[in-house]
Amino acid sequence: DAGVTQTPRHEVAEKGQTIILKCEPVSGHNDLFWYRQTKIQGLELLSYFRSKSLMEDGGAFKDRFKAEMLNSSFSTLKIQPTEPKDSAVYLCASSLNNYAEQFFGPGTRLTVL
Amino acid sequence: GDSVTQTEGLVTLTKGLPVMLNCTYQTTYSPFLFWYVQHLNEAPKLLLKSSTDNKRTEHQGFYATLHKSSSSFHLQKSSVQLSDSALYFCALSHNAGAKLTFGGGTRLTVRP
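Respectively, the protein sequence lines represent chains A and B.
Under the numbering used here, think of the first position of the first sequence as 255, with each following residue one higher.
Under the numbering used here, think of the first position of the second sequence as 160, with each following residue one higher.
Just so you know, the hints here were simulated from the structure itself, not pulled from any lab data.
Positions of the beta carbon are idealized from the N, C-alpha and C atoms, including for glycine.
Each computed EDC-like pair below joins lysine to aspartate or glutamate, with the alpha-carbon atoms no more than 16 Å apart:
1. A:339 - A:265
2. B:204 - A:355
3. B:208 - A:355
4. B:227 - B:161
From chain A, some residues computed to sit far from chain B (all C-beta separations above 12 Å):
5. 276
6. 316
7. 325
8. 338
9. 367
Next up, chain B with everything else stripped away, as it sits in the complex (with noise of 0.2 Å):
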């Protein structure tokens, strides 16, 4: 079946420096990559999304690409805000439905 992987669970990083979210993922369909990006008693809200291979993304400061070589949609930015802190999920879906399959989610801190 779908995966996703995670490996960071919390990531701390002081204002100003650049961060790098990992997310892999398997599937045998064609897949689509989604972030979310979920505030502290917020909903999650789409960040990116991409199902072109090898093609940056960007959206408020923050991008990724989609590598279907290596199965891998990370998502970076160059110089992360306190604003940024927040719980960021990695998600799959494919040509084959509609459902997500979430990934375990990294929480971000920013500290001053």
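Only chain A is shown next, with the shape it has when bound in the complex (with noise of 0.2 Å):
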């Protein structure tokens, strides 16, 4: 079976870009979630969707954060206009349900110049 696969793996930003990272959940799971994790902070919840239902936008993330699931196979994080301070990795992981685990993709490391 396929894992949760994201591309791309690396990206260059300049700043004020818009940038579009992509996510595909492991099949028939109805979990998704958006992570970015940095050194200083740690793993920080960007958004969160259940059955394709966004259920968390992650507050402090909204203004230029902007998440996406159109069908249950396929996940979009936007970031527009990108900052230098947005450099970091992005991880889409999914789970099947309440309390399962959730599998994490291998992330995408954003760095925005």
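Work from the hints to combine the two standalone chains into their complex.
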């Protein structure tokens, strides 16, 4: 079985650009999560979908971050406009249901110059 | 709101020694606790999980016991190996939702 896939693995953007990160969850999973990982802040939840419905949009990340899930097998995270402080690893994870293990993708390392 | 505290940011040990990584949590709901491990340049992976009070859970030589009385879920291993060097996250969920609340993480470095 395929795990969670994320593309691209690396992204370099200029300040002010729009970037779109992509995620394909494990087939059959109902919950999808977007996280940002930095050494200082650790793992921060950006968005959480259940059966394609947005359950949480990460509060402080609302203004420039927008996650969408148009179908059960594909999600995107748009950052617009990017800022240098957005440089981080963006992780996508999926799980079957409540209390189940979250499976993480390999992440996208974003560098904003 | 929910919170998870990992008191050690960095732990360095010599191979063969025992280790305990601390994890305490706060929630008003019935807790589900997880330990995830992340090796360098890899995705986090589940190591252990538990929702049963006072029952030891084991996997790959690591073990942890959920103690609801003290709101703790410490991770232990009796003899660390070089391959255990990684970032360890404690995480909390509960019966009111699937979202995980992560602790800040503990980086374990095992030296020869």
